[in-house]
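Colleague: Okay, here's what each chain looks like letter by letter:
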Amino acid sequence: MTRVVSIYLPDLSTDRIRRADPAIPVEQAIAVIAKSGSKRWVSAADASAKKAGVRIGMPAAKAQALFQGLLMIDADPRADAAALERITLWALTQYSPIVAVDASDGIVMDTEGADHLRGGELPTLTGIANLFRGRGLMTRVAIADTWGAAHACARAICRDTVIIPRGETVRAVERLPVGLLRLPEKTVGDLRTLGFRTIGELSATPRALLTLRFGPEIGRRLDQMFGRAGEPIDPIRSSEQIEVSRSFQEPIGAAETIDKYVGRLVVQLCDELQKQGLGVRRADLIIDKVDNTRQAIRAGMAKPARDVAWLTKLFRDRTEKIDPGFGIEKLTLVAVMSELLEETQTASSFIEDVGEDLTPLVDIFGNRGQRVYRLAPVASDVPERSVRRIAATADDVDVFWSHQWPRPVRLLAHPELVEVIALMPDHPPVSVTWRGKRRRVKSADGPERIFGEWWQRTSEWAAVRDYFIVEDDAGERLWIFRSGDGVDGETGSHKWFVQGIFT
Amino acid sequence: MTAAREHVIADLRTRIALQSGPAKQSGCLPFGVDEIDTMLPGGGLMRGALHEFAGGGAGTVDGAAAALFVAGVAARTKGKIVWCLTRPDLFFPALAQAGLNANRVIFVEGDRQEDVLTSMEEALSYGGLGAVVGEVVRLPMLASRRLQLAAEKKGSLALVVRRWRRQSEANDFGQPTASTTRWRVSALPSVALPVPGVGRATWLLELMRSRAGECAEFIVGACDDQGRIDLPSRSVDGSHSSRRSRHSG
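From first to last, the protein sequence lines are chains A and B.
Numbering-wise (this note's numbering), the first sequence opens with residue 1 and increments by one.
Numbering-wise (this note's numbering), the second sequence opens with residue 1 and increments by one.
Hints in this document: simulated from the structure, not taken from any laboratory.
We put the CB at the ideal spot given by N, CA and C, even for glycine.
Accuracy of the hints is not assured; some may be wrong.
[What the hints assert, rightly or not] Here are a few chain A residues that face chain B, going by a calculated C-beta distance under 10 Å: (1) P216; (2) D395; (3) L417; (4) S443; (5) E476.
[As the list claims (entries may be wrong)] With a cut-off of at most 27 Å between alpha-carbon atoms, the simulated BS3-like pairs for lysine-lysine come out as follows: (6) A:K330 - A:K260; (7) A:K313 - B:K154; (8) A:K260 - B:K78.
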């Protein structure tokens, strides 16, 4: 079952103007004026203009009269379309292999199998909304089972995001107005005249009458919305993207055949890349099937690649996920994101200790949805902050942790409260009770005092932790600390915690 | 008589080694401790083979000693190390203290146990790595055999750290696997120091299974900053107490 995300950009034209000219103050109201014949009317208005009473479709003179400080800018539908296309192309490289422009003010994409990479549907949607807002674009984002439903819901909501659960399409859209059905304006007007208000009413009406009066369009849109008819998304392409494809006279389906042709496409793509001196960072394999559905597999590379074996491996790894259905008509391989790739001379194998290039391996892990990283030190005394994750292919770090004090092998995610008998202020504990087990401390090292980092958090202004390494009778070693210096109550609660395990 | 016998046995060994596969000649990684190395066929941890490590006693759940032991083994190899896990609770400064360079270790974190096994297999068949480490709960026979074969093919060192979610699961360690050696590392009370403070950690190292070898037990001092272990009789003189706190009270 596919899941479709629809991104609606309600203020695209005003957002575009603001982005192009950052000198416009935030509080300045903007209205975009379109001309049709001798009529000048408002085609878009930003939030503050709308608040002042400017409505879309209102004559320009009226808007001007209504609101003194209104900044009126001539509409430029071509610039809007170009901006939308640019955003869509960017979304193609970021979110999903199947992304297309949706009407004049939206983006639609098939995110099937891509949501888990971002932690699920809700984080995906909020991530999109936040990212777009960060770049000065208002969005409404919806996810649903079909393009029609996602399109309608994105435009109907007044929240940033909405998730229509699987199979709940009917309930979600039946109350929405007929105008959201992606029908020609004239049809919508006629339907309104006939008294149809909601999509639910329309779908409950006998189909034959509507078809007789309006043609097959209404039935088609309803079927698409409710998922009774397929509506494949035709992904956007730019002329710079390198694309190779192969159509089949006789639909193919066997796994070996798919593998064979994927291999050939990869060779072709690498040839094309070679001609242009490029390496691919993200490549999509798009599978068109005979039943008019489309599936896509995306492979990402940690650095530009033009290696046939490497790319083939990345795709063959997942060809088993291809569901050929009734057969595959066409395979397309697109280099969605490519970068210049310079030829470099590799060191001869006579030199010892040549670092094996692990990038292909890192890519294999990454494309399977695993988190691949290296660890690097952070200049912080607080243990849980002293390690950060860096990219697996990042350059080597030449700073290291101080080896002065032994550190535990396992660090608990959250320090756990323990009961301790200890002589304050700076004697090590005599006994420690952790997870229900009481341990008599045979020997201990400490205290190692770590001060709070007030430049990170003001609450740590006076905070102190006194760390001890304790070993019990059985030889087990724990890393425990007391919050506070044992004298001054301001430095901490004087409670004891276990934070790490040595052996 | 004995010399002749040893000669014959050595000859047989090489012939068996020749028959059991071409990739087997990738050598061994010795511990540098004669008592342990002589117990192992080949004189160390066989490269191109799978080795299993688990914590004993209370350490079965966190496997901290086993992980540190493995880090020490990995530190003594050359090249990059791929460490596959599901619970990211390793504290790298400790591994760095066992001689492991952070630049060498690539972590692969998955959501499921199966991910760890497939990632390990992928890394092993990629080759060119110093060691491939994986932290797993269960190691079924089939999975261990796949790992062993992948390790044999490219001659990589495969190290599995077994850690269980609860202590009762640890009897799974008795189940047969295809690993070449199987170790259990448990904490022992350290040798008391003449001054207050914690001495060098002491481990009971149990070689529970060794293909073509015998089981054994050793009492060793924990990894030093080069990843080396040693028998504590030599560390009693205090030459390894440099890691002990200078501020102990």
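Colleague: Each hint should be assessed against the structure and marked as holding or not.
Modeller: Here is what the structure says about each hint:
no.	hint	result
1	P216	violated, 46 Å
2	D395	holds, 9 Å
3	L417	violated, 18 Å
4	S443	holds, 5 Å
5	E476	holds, 5 Å
6	A:K330 - A:K260	holds, 14 Å
7	A:K313 - B:K154	holds, 18 Å
8	A:K260 - B:K78	violated, 37 Å
Of the numbered hints stated above, those contradicted by the structure are hints 1, 3, 8, listed in ascending order.
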